[in-house]
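Engineer: Sequence:
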Amino acid sequence: DRLTRQERQALFYLGVSSAALLVFLTVIYLSCIGCIAPWSGRFYSLWDTGYAKIHIPIIASVSEHQPTTWVSFFFDLHILVCTFPAGLWFCIKNINDERVFVALYAISAVYFAGVMVRLMLTLTPVVCMLSAIAFSSVFERYLGDDMKRENPPTDDSSDDDDKRNSGNLYDKAGKVRKHVSEQEKAEEGLGPNIKSIVTSWSWRHTTMMGETKHTSRNILDDFREAYYWLRQNTDEHARVMSWWDYGYQIAGMANRTTLVDNNTWNNSHIALVGKAMSSNESTAYEIMRSLDVDYVLIIFGGVIGYSGDDINKFLWMVRIAEGEHPKDIRESDYFTPQGEFRVDKAGSPTLLNCLMYKMSYYPPISFSLQLDFRTPPGFDRTRNTEIGNKDIKFKHLEEAFTSEHWLVRIYKVRKLENREPLDHKIRVTSNMTKQRSKKLSKK
1 DRLTRQERQA LFYLGVSSAA LLVFLTVIYL SCIGCIAPWS GRFYSLWDTG YAKIHIPIIA
61 SVSEHQPTTW VSFFFDLHIL VCTFPAGLWF CIKNINDERV FVALYAISAV YFAGVMVRLM
121 LTLTPVVCML SAIAFSSVFE RYLGDDMKRE NPPTDDSSDD DDKRNSGNLY DKAGKVRKHV
181 SEQEKAEEGL GPNIKSIVTS WSWRHTTMMG ETKHTSRNIL DDFREAYYWL RQNTDEHARV
241 MSWWDYGYQI AGMANRTTLV DNNTWNNSHI ALVGKAMSSN ESTAYEIMRS LDVDYVLIIF
301 GGVIGYSGDD INKFLWMVRI AEGEHPKDIR ESDYFTPQGE FRVDKAGSPT LLNCLMYKMS
361 YYPPISFSLQ LDFRTPPGFD RTRNTEIGNK DIKFKHLEEA FTSEHWLVRI YKVRKLENRE
421 PLDHKIRVTS NMTKQRSKKL SKK
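Numbering-wise (full-length UniProt numbering), the sequence shown opens with residue 1 and increments by one.
Hints were generated in silico from the structure; no laboratory data involved. Here the structure is a predicted model, which means the values were calculated and not measured. Yeah, the Cβ is synthetic: ideal placement off N, Cα and C, and Gly gets one too. Treat each hint with caution, since some may be false.
Said to hold, decoys possible - For each label pair, taking beta carbons as the anchor points, the in silico distance ranges come out as:
#1 257 / 96: 52 to 62 Å
#2 340 / 54: 18 to 28 Å
#3 425 / 218: 38 to 48 Å
#4 135 / 251: 44 to 54 Å
#5 218 / 43: 50 to 60 Å
#6 238 / 218: 29 to 39 Å
#7 69 / 28: 31 to 41 Å
#8 125 / 282: 47 to 57 Å
#9 34 / 3: 38 to 48 Å
#10 289 / 43: 18 to 28 Å
#11 238 / 41: 25 to 35 Å
#12 142 / 55: 35 to 45 Å
#13 111 / 194: 46 to 56 Å
#14 34 / 257: 13 to 23 Å
Stated by the list, open to error - Each computed DSSO-like pair below joins lysine-lysine, with the alpha-carbon atoms no more than 30 Å apart:
#15 395 / 313
#16 393 / 313
#17 358 / 393
#18 412 / 390
#19 358 / 395
#20 415 / 358
#21 313 / 425
#22 425 / 327
#23 415 / 390
#24 327 / 395
#25 412 / 393
#26 93 / 53
#27 327 / 393
#28 345 / 358
#29 393 / 425
#30 327 / 390
#31 53 / 390
#32 393 / 415
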């Protein structure tokens, strides 16, 4: 006997489910025996948002892996944020096999995009589709009469007068449509909007834009200035130590070797750089000698109020270093007894004497100058506080370059001397009588 349609459908679903279960168990088995790579930390952080911060801090430190804010949703999707739920409702209202896939895709993409900013790319296709459904449904309902008037049936009447006047049934007598003026108004509003969108999306990360008190645009080009200095004034084989955020920029624009870059595949190497940044100068110098470092590059925004500098990223360096070197680096040492991260006099002594702090606020004479009549000398505009350690001196480093707005600072690592200098002491000689030899004394 032949199988009925329902039996064939049930047999098909059973076969698909069995094949999917077999593939899933095979992947788990191959992962356990080591034939294929296990799931990465990024995969686990999708389901447990606190997993990366505890076990793999470098994943949580990447800005692309941060939770998505409402500002990012509106910046990337604009008005589609409002029309997307309406399209999903229209899709569920007339549900079928195809729309089930679209609905599941939309719900899962919204969750993943909310967990990580970079997964916004998975959300945009379904947002465009569902927004198109929403717009199409609205236009079909409210523009039905206009569509009929624009496309009249050819077999209703052969009278030329009826065809000529069929589109003006609901128009007032003597009314003249102003298509030209409306088009000009639309173009006037569309031009600045497109200009702002293109400007915001095409802005480079190596340049920043600010406004003066006269509302004129001011371009801060400190990054390119510093990279050009590295390219022109350092040896082509020089090694630059910086945080991994600037690795690709240094390699591409300065053409110099970096220890870590944006690939972030070597977690232990990045942790070693973080240990050097969070240690005192002597300990950091030993690490830099082992890595053959010639220059150290940091980003400091305390003068212009730039919040994306290395001091604000410093705790991520400490956490990553603590994961690989828990005996040497502890995050609690960089907080006050009250659990605060402060750069003023109340800050932790470990923080006030670490390499990153000293490189950011050196030299004390220049930085202690009063930047504004409303603030005291040595005021950090990013942290809105006066620095706590103004007596900063270097033994193994020297300042090589500071950009115009103090945004990029480069230090040169001093090489070891061939012979350590001896301490000069005043030699005191005793009386001649006490220094006479035994032979002379016998005489």
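Engineer: A separate judgement is required for each hint: does it hold in the structure or not?
Structural biologist: Do the hints match the structure? See the list:
no.: 1; hint: 257 / 96: 52 to 62 Å; in the structure: holds (58 Å)
no.: 2; hint: 340 / 54: 18 to 28 Å; in the structure: holds (22 Å)
no.: 3; hint: 425 / 218: 38 to 48 Å; in the structure: violated (56 Å)
no.: 4; hint: 135 / 251: 44 to 54 Å; in the structure: holds (45 Å)
no.: 5; hint: 218 / 43: 50 to 60 Å; in the structure: violated (43 Å)
no.: 6; hint: 238 / 218: 29 to 39 Å; in the structure: holds (32 Å)
no.: 7; hint: 69 / 28: 31 to 41 Å; in the structure: holds (36 Å)
no.: 8; hint: 125 / 282: 47 to 57 Å; in the structure: holds (54 Å)
no.: 9; hint: 34 / 3: 38 to 48 Å; in the structure: holds (43 Å)
no.: 10; hint: 289 / 43: 18 to 28 Å; in the structure: violated (38 Å)
no.: 11; hint: 238 / 41: 25 to 35 Å; in the structure: holds (33 Å)
no.: 12; hint: 142 / 55: 35 to 45 Å; in the structure: violated (54 Å)
no.: 13; hint: 111 / 194: 46 to 56 Å; in the structure: violated (32 Å)
no.: 14; hint: 34 / 257: 13 to 23 Å; in the structure: violated (34 Å)
no.: 15; hint: 395 / 313; in the structure: holds (25 Å)
no.: 16; hint: 393 / 313; in the structure: holds (23 Å)
no.: 17; hint: 358 / 393; in the structure: holds (8 Å)
no.: 18; hint: 412 / 390; in the structure: holds (21 Å)
no.: 19; hint: 358 / 395; in the structure: holds (12 Å)
no.: 20; hint: 415 / 358; in the structure: holds (19 Å)
no.: 21; hint: 313 / 425; in the structure: violated (46 Å)
no.: 22; hint: 425 / 327; in the structure: violated (40 Å)
no.: 23; hint: 415 / 390; in the structure: holds (26 Å)
no.: 24; hint: 327 / 395; in the structure: holds (25 Å)
no.: 25; hint: 412 / 393; in the structure: holds (14 Å)
no.: 26; hint: 93 / 53; in the structure: violated (41 Å)
no.: 27; hint: 327 / 393; in the structure: holds (27 Å)
no.: 28; hint: 345 / 358; in the structure: holds (14 Å)
no.: 29; hint: 393 / 425; in the structure: holds (24 Å)
no.: 30; hint: 327 / 390; in the structure: holds (29 Å)
no.: 31; hint: 53 / 390; in the structure: violated (33 Å)
no.: 32; hint: 393 / 415; in the structure: holds (17 Å)
Hint violations for this structure: numbers 3, 5, 10, 12, 13, 14, 21, 22, 26, 31, all remaining hints satisfied.
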